[in-house]
Structures are given as structure tokens and as C-alpha cells.
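J.: Given chain A, work out where chain B should sit, using these hints.
Protein chains in written order, with the numbering used here: chain A, 2 to 259; chain B, 656 to 926.
Bear in mind the hints are in silico, worked out from the structure with no lab data behind them.
Restraint ranges, calculated between C-beta atoms of paired labels, are given here:
{"no.": "1", "chain 1": "A", "residue 1": "E20", "chain 2": "B", "residue 2": "R824", "range": "32 to 40 Å"}
{"no.": "2", "chain 1": "B", "residue 1": "Q872", "chain 2": "A", "residue 2": "R197", "range": "24 to 32 Å"}
{"no.": "3", "chain 1": "A", "residue 1": "Q136", "chain 2": "B", "residue 2": "H802", "range": "46 to 54 Å"}
{"no.": "4", "chain 1": "A", "residue 1": "Q198", "chain 2": "B", "residue 2": "E841", "range": "23 to 31 Å"}
{"no.": "5", "chain 1": "B", "residue 1": "P740", "chain 2": "A", "residue 2": "K34", "range": "12 to 20 Å"}
{"no.": "6", "chain 1": "B", "residue 1": "A915", "chain 2": "A", "residue 2": "G132", "range": "55 to 63 Å"}
{"no.": "7", "chain 1": "A", "residue 1": "K185", "chain 2": "B", "residue 2": "D717", "range": "27 to 35 Å"}
{"no.": "8", "chain 1": "B", "residue 1": "T799", "chain 2": "A", "residue 2": "E20", "range": "41 to 49 Å"}
{"no.": "9", "chain 1": "B", "residue 1": "Q684", "chain 2": "A", "residue 2": "E21", "range": "44 to 52 Å"}
{"no.": "10", "chain 1": "B", "residue 1": "Q684", "chain 2": "A", "residue 2": "Q198", "range": "24 to 32 Å"}
{"no.": "11", "chain 1": "B", "residue 1": "H802", "chain 2": "A", "residue 2": "N220", "range": "25 to 33 Å"}
{"no.": "12", "chain 1": "B", "residue 1": "Q872", "chain 2": "A", "residue 2": "Q65", "range": "55 to 63 Å"}
{"no.": "13", "chain 1": "A", "residue 1": "Q65", "chain 2": "B", "residue 2": "D780", "range": "15 to 23 Å"}
{"no.": "14", "chain 1": "A", "residue 1": "R141", "chain 2": "B", "residue 2": "A692", "range": "26 to 34 Å"}
Virtual Cβ for every residue (Gly too), placed ideally from N, Cα, C.
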Amino acid sequence: VTSPPSADSPSEMNEQWYEELEQLIQTACAALKGSVKHRILIDAIVRKLQAQRIPRSKNESRLQRLPLHQLRQELRQDALSTTWIHFLANLCEATTKNTESSYCSQTGEHVVARLCDYFGHRVFDLVTAWGIEQQNRDQRTDRDGNLRDINNLPSPVKKPDLLDDLIKQVEEDTDDKLKSVCLKNKPEITAQVLLRQMLQTAKETNKFKFGDVIQSIANEHNIKPARLSRFYYDHCKPLITQLGNTRSNSANPGGNPE
Amino acid sequence: MSTYQSTSDWSIEVPLSQTAWQIAQQFAQEQSPPPKATQIRQNALAVLAVRDYLTWHQIETDLTASDIWNPAVRLIENTADLVLPGLGRVECRPIAAGEETCELPMESWGDRIGYFIVEIGTDEDIPRLLGFAPPVLDWDNPKTELHRTELLSLDQFHELMARRQWIKRAIDDTFRDLQPLFSSPEEREAIETEWSWIVLTKKSSQWRRLGTEVLEQHSDEQDNVLLGNEANTPIPATLNQSTPPDTADWQNLVRDLFDALSDEFSDDSES
Numbered sequence: 002v003t004s005p006p007s008a009d010s011p012s013e014m015n016e017q018w019y020e021e022l023e024q025l026i027q028t029a030c031a032a033l034k035g036s037v038k039h040r041i042l043i044d045a046i047v048r049k050l051q052a053q054r055i056p057r058s059k060n061e062s063r064l065q066r067l068p069l070h071q072l073r074q075e076l077r078q079d080a081l082s083t084t085w086i087h088f089l090a091n092l093c094e095a096t097t098k099n100t101e102s103s104y105c106s107q108t109g110e111h112v113v114a115r116l117c118d119y120f121g122h123r124v125f126d127l128v129t130a131w132g133i134e135q136q137n138r139d140q141r142t143d144r145d146g147n148l149r150d151i152n153n154l155p156s157p158v159k160k161p162d163l164l165d166d167l168i169k170q171v172e173e174d175t176d177d178k179l180k181s182v183c184l185k186n187k188p189e190i191t192a193q194v195l196l197r198q199m200l201q202t203a204k205e206t207n208k209f210k211f212g213d214v215i216q217s218i219a220n221e222h223n224i225k226p227a228r229l230s231r232f233y234y235d236h237c238k239p240l241i242t243q244l245g246n247t248r249s250n251s252a253n254p255g256g257n258p259e
Numbered sequence: 656m657s658t659y660q661s662t663s664d665w666s667i668e669v670p671l672s673q674t675a676w677q678i679a680q681q682f683a684q685e686q687s688p689p690p691k692a693t694q695i696r697q698n699a700l701a702v703l704a705v706r707d708y709l710t711w712h713q714i715e716t717d718l719t720a721s722d723i724w725n726p727a728v729r730l731i732e733n734t735a736d737l738v739l740p741g742l743g744r745v746e747c748r749p750i751a752a753g754e755e756t757c758e759l760p761m762e763s764w765g766d767r768i769g770y771f772i773v774e775i776g777t778d779e780d781i782p783r784l785l786g787f788a789p790p791v792l793d794w795d796n797p798k799t800e801l802h803r804t805e806l807l808s809l810d811q812f813h814e815l816m817a818r819r820q821w822i823k824r825a826i827d828d829t830f831r832d833l834q835p836l837f838s839s840p841e842e843r844e845a846i847e848t849e850w851s852w853i854v855l856t857k858k859s860s861q862w863r864r865l866g867t868e869v870l871e872q873h874s875d876e877q878d879n880v881l882l883g884n885e886a887n888t889p890i891p892a893t894l895n896q897s898t899p900p901d902t903a904d905w906q907n908l909v910r911d912l913f914d915a916l917s918d919e920f921s922d923d924s925e926s
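So here's chain B without its partners, still in its complex pose:
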């Protein structure tokens, strides 16, 4: 994996259409007090810049399914997400031209593939994609801001996406028996994303252990919430209709999945 270095070599300008600027302005003017309006505008510009960049690469996005497109969510949350159908969401954080760090608000910690950081200057400046960063996975000890020097290159985003798409296809086809382990499509996306980062950033000898830990952590988190207003209501084992495989079975499946990943990607892993 690339070590951190100056982002000046790999940043890319993404000019926006007049329509994009108008949408951002329209969102901002929608019943929001001034500081919130500015936040919404910058967030929308960052999202629209990333959307255009992904369009260059023919990576499908769904703006209307993104939280930024929902008036209630963008009012309550500091959100700048962009949905990549079937894969999850990327967060597109704006950073001002003179700023060294950008905030990673709590709202962006959940279910993100990673962070794009976009420099938004004045109205005359073209937005600039500075780089990419991993998502916040440790909610008990979260990273709340990101310095420019911590960014990964955009190449790393493409490397990650290759692993992400490979894992999704594998679970759709060859490892279909893993599907009942996921309580929802969102949980599946989150787990697949964590596995992708493991494969991108960790040694292949660690993949299976770390991948298994991710599954176990998600299973534990399910225990934190009750459906129904009685504290004694039993917790549903899973929201999925299919029967989850036994522990030994799913551990074998995870082992086989990471063995297959190793065949495909282990030469690329460095750290």
C-alpha cells in the first residue's frame, strides 16, 4: 500500500456544470440557518464532484438514493454521502482551500466504503479531488478529523474497488452459502467493505483471522437493540429469512473465501 505523501501529485480537478452549482445553492437555501446552509452547499458540491469523477470511470452512482438528496436527513445530519449501488456509500468531505484538516463527523462513521476529500475554494475555483481515506471502523475510538498529509492516492480507491467488487461477485456466486450470515443488505455491504480494506492493507496471513473477527463483531452488535418495547422481548437471531450456517460451516466458508482472495490479490498486499 502507498505510504502517505503530498497530495499535490495525484490530485485531480473536477469541473462542475452550472446545474451542479445550482443544485448545491438550492439545497443550501432550503430553510436552513446560515452556518447550516454553507455546510449543506459545500457538502453537495463535494458529492457532485465525486459523482462526476466516478462517471469518468463509468462507476455507477445513485445520487437520489444518497442521504444528501434527502431534505430531512441533510438537515439533521452533516452528511455528504454518495451511493454506489450494490457496494455501499462513499463519503465526500469538503475541505476549504486554506485548511489543513477536514472534519469526519459522527454521521459519516457508519456504512462508508471510505472518504473522498474534495477541496472547494471560491465560486470561481474548480473543485479538486485530493485523495481517499479509510472509513471509521472503531466507533469507540474514532478518528474525528483527517489531515491532508494522511490521504491515500486515488489509485488506492481503484485498488480497493477491485477487491470490493471481487468479494461481492464471489458471495453472489461461489460463496452464496455465506449470505444467510448477513442480517440485512446494509450489513452485508458493511462487512464486504471491511473485508476489502483488510485485503488491501493487511498481510494475507492475517486476512482470515481479521475477516472472521469482523463477522463476529457485527453479530455482537445485533445484540444491542431490541425490537419491541419490552426489555424482555427475545432478540431475533437474524432478520434474514434463510437459516444461518453452523459456526464450523461458516468458518470454513470464510477460510475458503480468503484463500480465493489470496490467490487473486495476495501479491499486491504489502503492509
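Okay, chain A solo, but in the shape it has when bound:
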């Protein structure tokens, strides 16, 4: 059996292993995309490949030249992430096209070769990008590593503390939304009361124990915690979500995940 061209060759990766992989791929690709069968078989293919520590690539040796161990791991994981997404999105197309890897006699070999090739290219791209970034950084800093153009950097914007901000808005309750919703037969338990206690406890103890606060208020008013919790979800949480969204829109903390 021809070994995958750019992969290491685990001794266990024999003809039977390739045949099993090929069988899985053919059955998966014959199943309707999005069906339970297709999804379960895709998982089985991934497990089989991951068990053999595939993909591997000679390009991985480029990672060894990088200075930090953790950086190497990050780049490797980044390359793997892109590789699996691309590989699985194109798995069935890859089995039907006669591509450059014609020296592979079996579909299983061909697919493994493609996986390793793609991973190798992603590693190459990431290492190259890292090198360019390093060069740019060198140009931006002096011999001691200090930034040269410090005057051009934007000054950091100090946002008001989120917890303080929330406490303030709950207290103000400008449109009386929080005061106007209460538990049935418990007019003293309004959305404002619940949120105020929740936020104040977090502020005073530096702990965010949602369940403990619910339990404590429920005990105090002799009601079931589950009932209070549902009240929070249905009537308090939408308001907290709204406050958080307002803040997110003013300064998106995570950026676009895509």
C-alpha cells in the first residue's frame, strides 16, 4: 500500500485501515447530506482519522523553528481547525474528482493525502503570516522592544464598570418596566427587587452565584426556587439582555466571530 504522500506513516495504517476508511466515506457520501446517517458517519470518519493522529504534514517541521512552544501549539491548532472545516465541507466532492493525487490507488488513501496536503498548506500560511507579523513588529519597535510611534496609538477608552452600570440602570428603571412585573400573589417580589439583590450581592461579595441568590430570596419569601428562577428568565433576563446589547453595540467586546 502506498503511504500517504505527505503524512507520517503510522505502522497501524495498513491496507485494512484504508479499506475501512474508504467504506465509511462511500457510505457517508451515499447518505443524504444533513441526514442522521450522514452525520453519524462523518463523526466516525473524524474519529478514525484522529485516532491515527491524522492529519500530519512535513510542513509541521516549520513550526519547530518558531521560538515559543505555546505559539507552535496555537498555530498547529489553528491550522487543524481550518483543515477539519474545509475537509468535511468538501469530503464527498473529494471522493468523486480525479485530482492530482492519482498515485493513490484507493479513495481512502486519496482522502488522507488531501487532508494532509491541506493541513500542510495551512501550517505554511500561518508560519509565513507569523514571519511577516514579526518583521512588521521589528519595524515598529526600537532595539529595546519599545513602540516607536507611540504618539499615533489611540488612547485606551475607560468604560464604566459593567456591574455598576447595571446597578444604576436597575435602580433608575426609567420606564418603570422593572417595577411593574411581579410574581403572582407576591407583589413585593418585582423584577427590580430580584435584580437589585442579585447585582448587589455580586458587588458586595465579588461572587456571582446566581443559584445561591435565587435560593436565598426564595427562602426569604417562602416560595420555590424554581418558580423564582422561571420568573427571572421570563421577565428579568430580557431586560438584562437589552442592557448588555446596548453596551455591546457601543463597544463590541468580541468582534465578529466569523
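T.: Relative to the frame of chain A, chain B by itself:
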């Protein structure tokens, strides 16, 4: 349904991009004291791993609609949710490499399709999806932690989703008259999820009775809250604009729905 067994056979590694690691770190550093910061980081990593896994399967997700993406909610709650548009939320709980159990916090009991459990090791380790588990439905006697050995395989998640999507389509199209029974889109998602678990885990002879009980329970829960600050304010029968069908009518509709489900899925049900 699969019996519980070791998760080692069905776990899957889900490598994360540098961007994902940076997002988790950024969330953690955002005005949180250290223990909370660690919690937020691990939760975000678990969510991002599940998101990538679902992307592999071309299952649509909406990270920005998830609570983990909202700075206020992730500060107050211990949340690791991921929205599947039109279907509900899955909870993605992190578990440390050496831990045997993971916490199911109260914040995760509401409106979840189920729990993904994700092993998050050190920064050098690749997150690993260990398995799937049912949501907490009994709030009066809730399950507060989950042991590794209790996990279902990821196959069960796919089986559940097939039923979940079938039920949603059926109520969108054939059983449209059931829609006025749901007081909100969220309640509809919750009921459809409970029905999906019933169809996955119970005998088909029990489906109709259990499905009807789910509807009745949700109706009772509506009675617990007043809108308006006067205790005597009448409770709105439903927040929906449409008129709900009579009891006999909706019971017939539910019967027909579960008969149709039985035709589609009853051979798969075991327990």
C-alpha cells in the same frame, strides 16, 4: 437509545482557531474578578468548540444571539449557551481534564435542547467533545451535576435533532393549528424540545400521554406570573394573538401529531 458507557470511543477533538482563543481571553479579561474570569473563558471555549463541531455538520448556529455573547448576561450568569436558530439553545459545559463531573448550574436549566460536555485542558490541549446529555426538565428536583459516565454519544444528539427538526416542520406546515397554544416562540421551542426527547427516549405507546402532559405543565406555569403590579390584575390567557383551540380540539391535534411521529420514528425507539 444507547446505554451509558465510556465516552472514550465517541469523543471528538475540535481544534480552535487563534481567533477563538483570543475571543475567550478577551471575554475573560472584561471587568471580571479572577474566578469569574476563568469561568467565562472556559465557557466561551466550550461554546466555540461546539460551534465548530456543528459547522462541520452544517448545523446553523447564532453565536451573537447567545447569552455568552452578551456582556451583562455572561457577567451575571454562569452561561455557556449556543443558539440554533428556530430550534432553541444547546448548553456547552466545560469540564477540566482531571474532573469526573461537571456542574449543571441553575442558569442552564431553562430552555435548553441538551448539554454538550467539552473537555478543556491546558492552552496547549485541543478541546474534546465528550458527549451529550438531556436538559434539566424537573426544576423542583433538578440534576445539578453530570458524571462523565452518564453521557450519551454524539450520535444521540444527531438522532434528537432529526426528531426536533421533524416536529418543527410539522407544526410549521401540517399541524399549524397547534401554534396558538404556544404563548411565545420560546415556549414553542421548549415544548418541541421536550417532545423530541420523549420521542427519542420513551416507548411510542407513551408519547401521546407524555406530550399532552408537557403542554398542560407549560400552561400551568403561565399562571405563576402577573404582568402589572396589582395582585388582582387578571392573568392574560395567552400572549399570542391567535385564539387557542378548544381542549378537545388540541388534544386531537396532539394525538394526530404523535401518530405521525410514530409512523416516522417508532421503530427507532427502544426504552
